[in-house]
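J.: The primary structure of each chain is shown beneath.
There are 2 protein chains.
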Amino acid sequence: METVKVALIGFGTIGSGVARLLLEEGPRIARGAQKKVELAYVVDKDLSRERNVTLPEGLLSDDLDRALEDPEVKVVVQLIGGTRAARPIMLRALESGKDVVTANKALLATHGPELFEKARQKGRSIAFEAAVAGGIPIITGIGQCLAANRIESIEAILNGTCNFILTQMEEHGIDYGEVVTEAQRLGYAEADPTMDVDGTDATQKLAILAQLAFGATVNWEDIPRMGIESLEVGDLLFAQEMGYHIRLVATAELGPEGLDLCVGPTLIPEGTPLAGVQGAFNAVQVVGDAVGPVFFQGLGAGQNPTASAVVADLIDTIAGRSAITFNALNLWSDHDAGGVSARDPKKTPGRYYLRLNVAKELEVASEAARVLKEHNTAIDSLFQYEDPEDAGGAGLVIMTQQTTEGEIAAAVDAIRKLPFVRPGGTRARVAG
Amino acid sequence: METVKVALIGFGTIGSGVARLLLEEGPRIARGAQKKVELAYVVDKDLSRERNVTLPEGLLSDDLDRALEDPEVKVVVQLIGGTRAARPIMLRALESGKDVVTANKALLATHGPELFEKARQKGRSIAFEAAVAGGIPIITGIGQCLAANRIESIEAILNGTCNFILTQMEEHGIDYGEVVTEAQRLGYAEADPTMDVDGTDATQKLAILAQLAFGATVNWEDIPRMGIESLEVGDLLFAQEMGYHIRLVATAELGPEGLDLCVGPTLIPEGTPLAGVQGAFNAVQVVGDAVGPVFFQGLGAGQNPTASAVVADLIDTIAGRSAITFNALNLWSDHDAGGVSARDPKKTPGRYYLRLNVAKELEVASEAARVLKEHNTAIDSLFQYEDPEDAGGAGLVIMTQQTTEGEIAAAVDAIRKLPFVRPGGTRARVAG
Chain H
-12 METVKVALIG FGTIGSGVAR LLLEEGPRIA RGAQKKVELA YVVDKDLSRE RNVTLPEGLL
48 SDDLDRALED PEVKVVVQLI GGTRAARPIM LRALESGKDV VTANKALLAT HGPELFEKAR
108 QKGRSIAFEA AVAGGIPIIT GIGQCLAANR IESIEAILNG TCNFILTQME EHGIDYGEVV
168 TEAQRLGYAE ADPTMDVDGT DATQKLAILA QLAFGATVNW EDIPRMGIES LEVGDLLFAQ
228 EMGYHIRLVA TAELGPEGLD LCVGPTLIPE GTPLAGVQGA FNAVQVVGDA VGPVFFQGLG
288 AGQNPTASAV VADLIDTIAG RSAITFNALN LWSDHDAGGV SARDPKKTPG RYYLRLNVAK
348 ELEVASEAAR VLKEHNTAID SLFQYEDPED AGGAGLVIMT QQTTEGEIAA AVDAIRKLPF
408 VRPGGTRARV AG
Chain R
-12 METVKVALIG FGTIGSGVAR LLLEEGPRIA RGAQKKVELA YVVDKDLSRE RNVTLPEGLL
48 SDDLDRALED PEVKVVVQLI GGTRAARPIM LRALESGKDV VTANKALLAT HGPELFEKAR
108 QKGRSIAFEA AVAGGIPIIT GIGQCLAANR IESIEAILNG TCNFILTQME EHGIDYGEVV
168 TEAQRLGYAE ADPTMDVDGT DATQKLAILA QLAFGATVNW EDIPRMGIES LEVGDLLFAQ
228 EMGYHIRLVA TAELGPEGLD LCVGPTLIPE GTPLAGVQGA FNAVQVVGDA VGPVFFQGLG
288 AGQNPTASAV VADLIDTIAG RSAITFNALN LWSDHDAGGV SARDPKKTPG RYYLRLNVAK
348 ELEVASEAAR VLKEHNTAID SLFQYEDPED AGGAGLVIMT QQTTEGEIAA AVDAIRKLPF
408 VRPGGTRARV AG
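Going down the list, the sequences are from chains H and R.
Here the first sequence stands for residues -12 to 419, numbered as in this note's numbering.
Here the second sequence stands for residues -12 to 419, numbered as in this note's numbering.
Because the hints were derived from the structure by calculation, they are not lab data.
Misleading hints may appear alongside valid ones.
The list treats identical chains as interchangeable, and a pair is accepted whether it falls inside one copy or across any two copies.
[Said to hold, decoys possible] List of simulated lysine-lysine pairs, BS3-like, C-alpha gap at most 30 angstroms: (1) K347 <-> K404; (2) K61 <-> K32; (3) K109 <-> K22; (4) K105 <-> K22; (5) K(-8) <-> K32; (6) K23 <-> K105; (7) K347 <-> K360; (8) K334 <-> K360; (9) K32 <-> K105; (10) K23 <-> K109; (11) K360 <-> K404.
Construct the entire structure; sequences and hints are all you get.
T.: Pasting the structure below:
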């Protein structure tokens, strides 16, 4: 059996998981790849940190050049995070004629066109199953298994940290700040969880899915995005009262006027698959015109689930499937007319849940309603409650009828300027 | 762009869906396959039946020979049901050097070894995504996407007819017989639904999954199997009271002593993904040692979802991915030592729900408990209720502690022979 040499760049949590699988599960991986897979180089700047895998002597080094310049290395597994260091490494790997497997969603969401063009120039492939939803095979699912379908919509929980935080708040009534601390202690949240809780991570993943499913090249920064930081336990309970669970949902929906994309806290009707997604799980619901709704759920992060996806990509790449898929999908290409365009985000339709902190005055509700009406937004239901922690303060919860992202954003801005409205409050979309 | 000719054998419901996709979605399919796909022959014995697709003049015929003998036909889509006619057609297609795509689970579950050996001899591939769980990409999911994992267990709802019947009984309190009639009217059940409701269909699919995920070659008839015919609305309500939903579940679980397989009505704890599967949906929960639990849900039958899976296979076959996967998986092969063996079904462990129809006598419960104890089965809970429709009759519901399939089957046989036990009653497994 032929042997293929692989270089692993980035020996952090996921890199360690990938190295462990390659070292311990050789026969299974060789069976899938139909070649023996040799981990020939592990490269990281940090040579001293403790990892939960023991490499053979001499495998780990900080010598990137040696790994990328070895002509026997056919595949580079690129697991450096962020974009600054990762981009030149990935370009160099492709330039050296190596296929690349990566888990880096920020890199693809930001530099997809450049990277994929380079790979095409050099006749190489890029595989990225692990970049979206970790262990869930959603890239293969959409790119290969649903290839007969026109994709109509995607609704996805793509950030396990947010989902963990929201389900903890909902189930145990613990405040946002306290849950974040707990999530950090358990390893479900980074020391700096900003990119998770503000929706950046989910938005970058949605930009990749939009390219894959709809051929839409979107700058992830243009996608309307809200985080979960302003949600309070009360919001989750009010939503439950009304038959919803609040989750951070990334949505892509194809309509006659183009593709609507958005990321934010979303009220999901109880009894639907997405509403049942608990803890650190991710989930994706895809609707195809032939297959109907298909729902995937699994662990979207963590060492082993992500390593499972990386090694599946490595097997696909060595066995030859990745090259076929890469050529067929022609992602981030100027030359493909098949793609749809993202619509002006302001036109994205939706119903909304609003909670406002207000002074306990008579005209509060009618004033808010007036401003919403000025922005073509009708109210479905409204209730006001006393804030037990704030004498003279009250909360106002509004469910709107169908409106647009542009109208509701403008309405909320205007409402916040009303004299009786206090800081705080939140806004969430209503699904379905 | 090169053109590949395809012959479609079997122009029933699914065949019509496949033909429609091939005729209407040519550009999308060509993009995926990287070749133009030409539907060159459609073969069926019945030339007159109305179908919901209009074929170009001259495409439909009953001339199987012409289609299979055309050397330009590279792929045969084999959609004849059952095994008697389908087996020789499939063997002939492979013998003529054609790759095969099929949706026929009975054929693979019964003649897998012979068919796969023939394909290997001739250097051809067999793709069968549509044979299990319709539109859910579970064959690719397990065979390709989870290739880095040792699969630990599969729990699956593989028959949409049964799931529709059980959710209707549960939600609307309608009797089994009445729901079956309704399911037939809506097209969710065949005129003769025996193979669905007695668990045959799900068992054949489980045999295929057992081969794919564990390399276990099992005769599907050896898998312990129970249908849903003996369930009553009361069973679903009792289960709900105790926090469970009853579904027809196919289970494969790998333990140190081999693989346990079984199919039957199963109490699934509320709040788990499988418990939420409604109506005609199918679902599969796979646990891999690296990825953890991955859950898939979608439509398991019907014209378009199944055609979606068939055409995905056709694209994979023409693009070249199927041949790679087929060779790597080496399914139903004597030469592969990687497979595990199915354990003696009698040793399959489980907790059980029993409902017995009994005469209202004092010693009923204690006698049943005595017999269970003789078969090493302890009782977790027990209650007796009056049967309002049967003067002097009562029902006895028992939840056992952990026992085995062999012990519970023998115990139930013995209990049924006790003088106070009347015909009827049911037995179901308890998951988790």
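J.: Need the list of violated hint numbers for this structure, in ascending order.
T.: none
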